[in-house]
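**Student:** Sequence:
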Amino acid sequence: AAAAEAAAAELSQALARPLSLLQQPECGRAARLRALEDIRAQLQGRPLAGAVLQEVFAARLLRPLSRCLAGDAAERCRELALQLLRHGLSHGERPCEALPVLLPALAQRLCPPQGAEPSEELRLGLVQLLGLLLQRCGASMAPYLGDIARVLQATLLDHYAEVRRESCRCAAACARAMPEHFHMQSESLIKPLMQTISHQHYRVRVDVIQATGAVIQFGNGKSVDDVLSHLAQRLFDEIPKVRHAVTTVIGEWLLHLRDRYSYFHKLIPLLLGSFTDEIPENAKLAWTYWEKIGLQWEKENEDDLKDKMDFSVSPSHYPKGETRPGLGCRELVSRNLSKILPGLCHDMTDWVESTRVKASQLLYTLLLHAEDHITQHMELLLRTLYQACSDEASEVVKNSVKAAELIGTFVSPKVSLKLITPAFEQTPKASCVMVLAAVIRGSPKEILQPHVSQLGNALSQAGVCQRSEEAFYMEQLLYCVQALIEVCQEDCREISLQLMKVLVTIMAIPSSQDLKEKVEKTMSSLAEVQQMESFHCLYKQHIIQLLEWVSVSCEGWSCYSSEVLQFEVIATHSGPVIGEALDDFILVLKTCLQPNKDPQMRLKLFTVLSQLLQKSSETINSQGLFPSYLETVIKDILAPNLQWHAGRTAAAIRATAVLCLWALIHCEMLSPKEILKVKVELMPQVIASMDEDSKITRLMACRIVDVFLKVCGRQFDADKFKNTYTGMCKGLVD
-9 AAAAEAAAAE
1 LSQALARPLS
11 LLQQPECGRA
21 ARLRALEDIR
31 AQLQGRPLAG
41 AVLQEVFAAR
51 LLRPLSRCLA
61 GDAAERCREL
71 ALQLLRHGLS
81 HGERPCEALP
91 VLLPALAQRL
101 CPPQGAEPSE
111 ELRLGLVQLL
121 GLLLQRCGAS
131 MAPYLGDIAR
141 VLQATLLDHY
151 AEVRRESCRC
161 AAACARAMPE
171 HFHMQSESLI
181 KPLMQTISHQ
191 HYRVRVDVIQ
201 ATGAVIQFGN
211 GKSVDDVLSH
221 LAQRLFDEIP
231 KVRHAVTTVI
241 GEWLLHLRDR
251 YSYFHKLIPL
261 LLGSFTDEIP
271 ENAKLAWTYW
281 EKIGLQWEKE
291 NEDDLKDKMD
301 FSVSPSHYPK
311 GETRPGLGCR
321 ELVSRNLSKI
331 LPGLCHDMTD
341 WVESTRVKAS
351 QLLYTLLLHA
361 EDHITQHMEL
371 LLRTLYQACS
381 DEASEVVKNS
391 VKAAELIGTF
401 VSPKVSLKLI
411 TPAFEQTPKA
421 SCVMVLAAVI
431 RGSPKEILQP
441 HVSQLGNALS
451 QAGVCQRSEE
461 AFYMEQLLYC
471 VQALIEVCQE
481 DCREISLQLM
491 KVLVTIMAIP
501 SSQDLKEKVE
511 KTMSSLAEVQ
521 QMESFHCLYK
531 QHIIQLLEWV
541 SVSCEGWSCY
551 SSEVLQFEVI
561 ATHSGPVIGE
571 ALDDFILVLK
581 TCLQPNKDPQ
591 MRLKLFTVLS
601 QLLQKSSETI
611 NSQGLFPSYL
621 ETVIKDILAP
631 NLQWHAGRTA
641 AAIRATAVLC
651 LWALIHCEML
661 SPKEILKVKV
671 ELMPQVIASM
681 DEDSKITRLM
691 ACRIVDVFLK
701 VCGRQFDADK
711 FKNTYTGMCK
721 GLVD
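Going by the numbering used here, the first residue of the sequence shown is number -9, and it counts up by one from there.
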């Protein structure tokens, strides 16, 4: 003790002269600077015990150095005073004794209106000094909490980024140092923190987020509402470390915030939103926190969950590649879903694409946790998904479809289809079909089986499958059929006809070859699940019903009727099977190819007939039955359409009729006797066709006459020979 007193006395004596100079009013800048340097040399040039330094610092140095720090005009003097104060506080034994003198000096230098420290480095040093005081004095600084808060309110908005960063660290240190008192001032720091949270330097943003976490956790928890939107925005930050900081803060709040139960519905979406972070480390951090939160909540509510913990059974059907969350996690989401969903569904339609993408990712995560609790929110979910599935952003659509698949997984089809099919039938849109397809894909086969017939009937309704010729709509309809086949497999046998109607309708729309190939592949899948060799077997099974279905309104067909295109698909795509349904096929042609029917439609049907006749053995004559319909074809179909009528369309019809006649004769399907029968009925019209404007028509007419002449040989009466000869002579000057 005596040695310490002697050392203190010696140091005091050595400091007496420079301190005296420092405190003289007339002392100039150079003299003050020398005095401060002398003080530094005395303090740092000899080994001093903490007790000795504390005694001298408190008694002799603290006040003059604080005055110099607060009011000296020379920056270098203020800088030296700051260094000396820092030295004294770092090495002294009782730094808390300096608080009554030092904190007002700090406030004077840093707080408005008088706070006007122009040097950035000195402002940083002053805030670092405050940090040192918080570190060494801790809860002893509680009486000065108001001054500290005023200082931080100013320095958190400093122009120098490093001052802001250090202020954030001080705010966090202050919160941790005096949690019993800090709540009285914590709210005053929220505004400057939120003004800084979008600072251009990412390190500042990280420090602000960390400080916000501590300020609210150890302060007034009600401030959560004031910061949530800002933190949510930082989850879109392009810097991974910023998103990491948000995830950490939210995770800590969910574990340790005093009033966390009141904020679960607001905080859970932010943490779960990090599950889909593009940086695996951030996603893993969110999962780690979430598992801890779920387990903690389970323990805190063990009595309430006892039955579920003991008797809960894992679902037999679960999405591939997904791990089922723990009971606590599932319960937390289920119990808060009604508060989370409305806001989330609103975000799904936000004008900012990144918000919609994030919301769609979160929706999937929430539904995966909620499982069958989804049921009570179905109407809101479906409305949202219908809109989201028509989003311009493919990522939103992809996530929404995945979410819809979870509806199929967890919600009974009895409920989901009851809600989906009415909307689907009233105003079918591509997005509605997309949602239905996803629900089917997500459903277990055995649960969906009782509803297969209902689905087949709904899809094959004219108002659904013939609502639009838009390729995108039809493609979604195709995916719906594919989903049914994929999930229900052999159960599709009972709706095979309905699915064929849908597939024929899709194939009939004017679209890309790619879509037609997809339809054919789907037909093959439908045949395969019924143990059939090819899709031709499907046509064989349903050809009569398909022709009856498509020809119900054939009396009123026009070139705009979708049924004309469907009829073409059935006739041309069924291959040899059409030869087994000639009764219905010829009847449709006879009805629709009358001269009083729409000319463009007749042109289309003649083109179809011509195509079939060119490969008759593989199509309409596959069973050798076509010749028995020859009389009808000649008298009721070809003859009326070979008659001359004015107009280009009429000429085009005559041209296709001549082509059909040539195909009929040329395909070697008819015997000479049958060809003679054709000659008797149609020779005058063919001769007349040799005067047509169309070169190809004239050529075909000549070829037909050539065949007629070869078959009949010398069997010509004089008048008919004369007419034929006259027509041929006209052809020679063509």
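Just so you know, the hints here were simulated from the structure itself, not pulled from any lab data.
Hints are not guaranteed to be accurate.
Have a look at the derived ranges for each label pair, beta carbon to beta carbon [what the hints assert, rightly or not]:
#: 1; residue 1: H336; residue 2: I229; range: 42 to 52 Å
#: 2; residue 1: S458; residue 2: L666; range: 46 to 56 Å
#: 3; residue 1: T365; residue 2: Y251; range: 53 to 63 Å
#: 4; residue 1: A273; residue 2: Q190; range: 23 to 33 Å
#: 5; residue 1: P500; residue 2: H336; range: 20 to 30 Å
Restricting the straight-line Cα-Cα distance to at most 27 Å, the calculated cross-link-like pairs of lysine-lysine (DSS-like) are [said to hold, decoys possible]:
#: 6; residue 1: K435; residue 2: K388
#: 7; residue 1: K404; residue 2: K329
#: 8; residue 1: K435; residue 2: K408
#: 9; residue 1: K419; residue 2: K256
#: 10; residue 1: K404; residue 2: K388
#: 11; residue 1: K594; residue 2: K663
#: 12; residue 1: K419; residue 2: K511
#: 13; residue 1: K508; residue 2: K605
#: 14; residue 1: K310; residue 2: K392
#: 15; residue 1: K274; residue 2: K310
#: 16; residue 1: K388; residue 2: K329
#: 17; residue 1: K419; residue 2: K298
#: 18; residue 1: K667; residue 2: K700
Yeah, the Cβ is synthetic: ideal placement off N, Cα and C, and Gly gets one too.
**Student:** Each hint needs a verdict: does it hold in this structure or not?
**Tutor:** Hint-by-hint comparison with the structure:
no.: 1; hint: H336 with I229: 42 to 52 Å; in the structure: 27 Å, violated
no.: 2; hint: S458 with L666: 46 to 56 Å; in the structure: 50 Å, holds
no.: 3; hint: T365 with Y251: 53 to 63 Å; in the structure: 25 Å, violated
no.: 4; hint: A273 with Q190: 23 to 33 Å; in the structure: 26 Å, holds
no.: 5; hint: P500 with H336: 20 to 30 Å; in the structure: 39 Å, violated
no.: 6; hint: K435 with K388; in the structure: 23 Å, holds
no.: 7; hint: K404 with K329; in the structure: 26 Å, holds
no.: 8; hint: K435 with K408; in the structure: 18 Å, holds
no.: 9; hint: K419 with K256; in the structure: 34 Å, violated
no.: 10; hint: K404 with K388; in the structure: 25 Å, holds
no.: 11; hint: K594 with K663; in the structure: 30 Å, violated
no.: 12; hint: K419 with K511; in the structure: 24 Å, holds
no.: 13; hint: K508 with K605; in the structure: 25 Å, holds
no.: 14; hint: K310 with K392; in the structure: 12 Å, holds
no.: 15; hint: K274 with K310; in the structure: 20 Å, holds
no.: 16; hint: K388 with K329; in the structure: 25 Å, holds
no.: 17; hint: K419 with K298; in the structure: 41 Å, violated
no.: 18; hint: K667 with K700; in the structure: 14 Å, holds
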